[in-house]
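Asker: Here the protein sequences come in this chain order: A and B.
Residues in the first sequence are numbered from 1 upward in steps of one, following this note's numbering.
Residues in the second sequence are numbered from 1 upward in steps of one, following this note's numbering.
Keep in mind that the hints were calculated from the coordinates and are not lab data.
Among the hints, a few may not be true.
Claimed, not checked - Derived DEER-like restraints, expressed as beta-carbon distance ranges:
#1 A:220 to B:240: 16 to 24 Å
#2 A:279 to B:252: 28 to 36 Å
#3 A:11 to B:252: 19 to 27 Å
#4 A:136 to B:364: 37 to 45 Å
#5 B:217 to A:23: 23 to 31 Å
Unchecked claim - Short, incomplete list of chain A residues facing chain B, as computed with Cβ under 10 Å:
#6 76
#7 136
#8 137
#9 272
By construction, the Cβ of each residue, glycine as well, lies at the ideal position given by its N, Cα and C atoms.
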Amino acid sequence: MAKEIYSKYPLIKYLRKEALPTALCPGCGGGTVLNAFANAVDQLKLDPKDLVVVSGIGCSAWIASPYFLADTLHTTHGRAIAFATGVKVGLPDKKVVVISGDGDLASIGGNHLLHAARRNIDITVILVNNFIYGMTGGQLAPTTPFGAKTTTSPYRNIEHPLKISETIASAGASYVARWTTAHVYQLIESIKKALTVKGFSLVEVISQCPVQYGRRNRMKEPAEMLRWFLKNSVPISKARKMSEEELEGKFVIGEFVNRERPEFVTELNKLIDEVQEHFGLKGE
Amino acid sequence: MIIRGDEPEQIGLLKKLYKPGNYFMQGNEALAYGAIFAGCRFYAGYPITPSSEIAETMARELPKLQGYYLQMEDEIGSIAAMVGASWTGLKVMTATSGPGFSLMQENLGYAIMTETPLVLVDVQRSGPSTGQATKGAQGDFFQARWGTHGDHPIVALSPISGQDAFWETIRAFNIAEKLRTPVVMLFDGVLAHTRELVRIPDVEEVEITYRKLPRNEEEAKLPFGDPHGDGVPPMPLFGHGYFTHVTGSTHKENGLRDVYTPEVHDKLVRRLHRKIEQNKDVYEKYEEHFTDDAEILVVSWGVTARPALGAVLKAREEGIKAGLFVPKTVHPFPGERMRELGKRVRAILVPEMNLGQMILEVQRFVNDDVLLRGINKIGGVPLTVEEILREIRGVA
């Protein structure tokens, strides 16, 4: 039955059929992200043979691995970007994409995210932020809104969420954008830009987890969560004129940065050229 | 560009850069040159005493050979980047010390589970914790064996000199490539910083190997199968259109996850063990001195094997029938040979710079009627010939 539904999907050729159906819950935003990614790949006419998809641990790590039909490296918790760094150095002509969650990439793996942006290595990161550790049962994440309830903040969250896109934009990434799963077309456009830009790119996707987050925060239905995103989304141009108090609980959406900056693997290969030239090793 | 190290262009570069001959250098440098001759063209690391000269040598030399040096943000990222690079076909290495080795353990397990060739050098220093950060030790014998969680096999080598580090690093790469597995090098802070004579050989003297690649589409579809019966699957590298799926979760032969079928886990993990066990000829290595007629056997490893040999030679001068057994591959421990030797001797002494680690492996293979005694020294100062000789005399 499930196979039948998937076979009607126009981009089925991009998926690893033997791995379907996906393990994602009904109403999960992960499917939207996978769809947006597949559309971006399709619109850019990328050959999946030129893609390597790397992920970590958690629900969002499953969005593209193993479901997207490419070389896929499903790694340890938090380390996807560091694994991807090695892949990109070895295969500089391939597109290396990391798709994983907020807990994976911004908490346990936060340091790798920060330093990959600083290096400006040509990796595209699609960070799916659902404010929660979904797979382990809905525990507090570094992205959980202040005051929200989770299984490990049963009374209320007393911590402040990390502003991931803002942080990575200032860390040196070439491209950073944030959208929600309610902004699919903008999301596709941003993923396309991220895949095209030379340098580190981050697309943060605010995504719904009705099962682990919504249910405990008066948004049991996926649609309620999408309405919450739409109602509270503020375009970055408008947000720049707003105070911190006014922005409390809002989702700032749009492009945070889009700039040219020397890219790591290009520089690494340039350095090798220079060293070989210097020591008279060229053409050996 | 994926370099194996034996391309004519690479041979030419090695010949031009490293003239054969005797050099005075640190153990760490000798080890790094071994890696370079073995074909290592990717190094990801994080500075830590007493291993940093390995990173420094690689950072200086690798670009000359079209190789990549990466300084990562921590040790966890270093081994992660190595695994990623290894799946693109590069020969990869990192070097660290005890604390960094601890941080690498999770991804070492990942490399074992995903059958990723890599060489991980642990320049052992005095612990636990920060301990005596600049001092050598041999306290990581079991961290190498059991540092990562779950049932797993491991191959670990331990060189006894700078010269030995050069050759043993080449051997480590060859084992990693042949068996598609990580190999740990248990070096130590004493040898790492000891300057001694190291002969850099002619490139032609060095034999290197490369991992098995799939010969056809069928083999490429089973990155974790066993098509040749040797337990070693061909490695369908990334970037070749194979759509390889790699995961540290329990997986089927095609790489896809299956954590619910007990038989799948059983089959995979048993094959990982069998792969190592049935290929002993690829990695087993030990040295013996005067073991033919020895009554007292000294069993030692790494840096301590040096004063142990000195003590055995002196004991022989005094008419004591002492012998020396040095496992060069310390994991898996050469138990069969240990058992044979154990049957022929009266006493076994195990000197090491720890409070008794390898002695526990020795104990597994010798009978209770053999006197078994450790000679243990900690504090960052190596054992001396005199200290070991005294113990030999004591049981003579």
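Asker: Decide, hint by hint, whether the structure agrees.
Answerer: Structure-based check of all given hints:
no., hint, result
1, A:220 to B:240: 16 to 24 Å, "violated (46 Å)"
2, A:279 to B:252: 28 to 36 Å, "violated (48 Å)"
3, A:11 to B:252: 19 to 27 Å, "holds (26 Å)"
4, A:136 to B:364: 37 to 45 Å, "holds (39 Å)"
5, B:217 to A:23: 23 to 31 Å, "holds (28 Å)"
6, 76, "holds (5 Å)"
7, 136, "violated (15 Å)"
8, 137, "violated (17 Å)"
9, 272, "holds (5 Å)"
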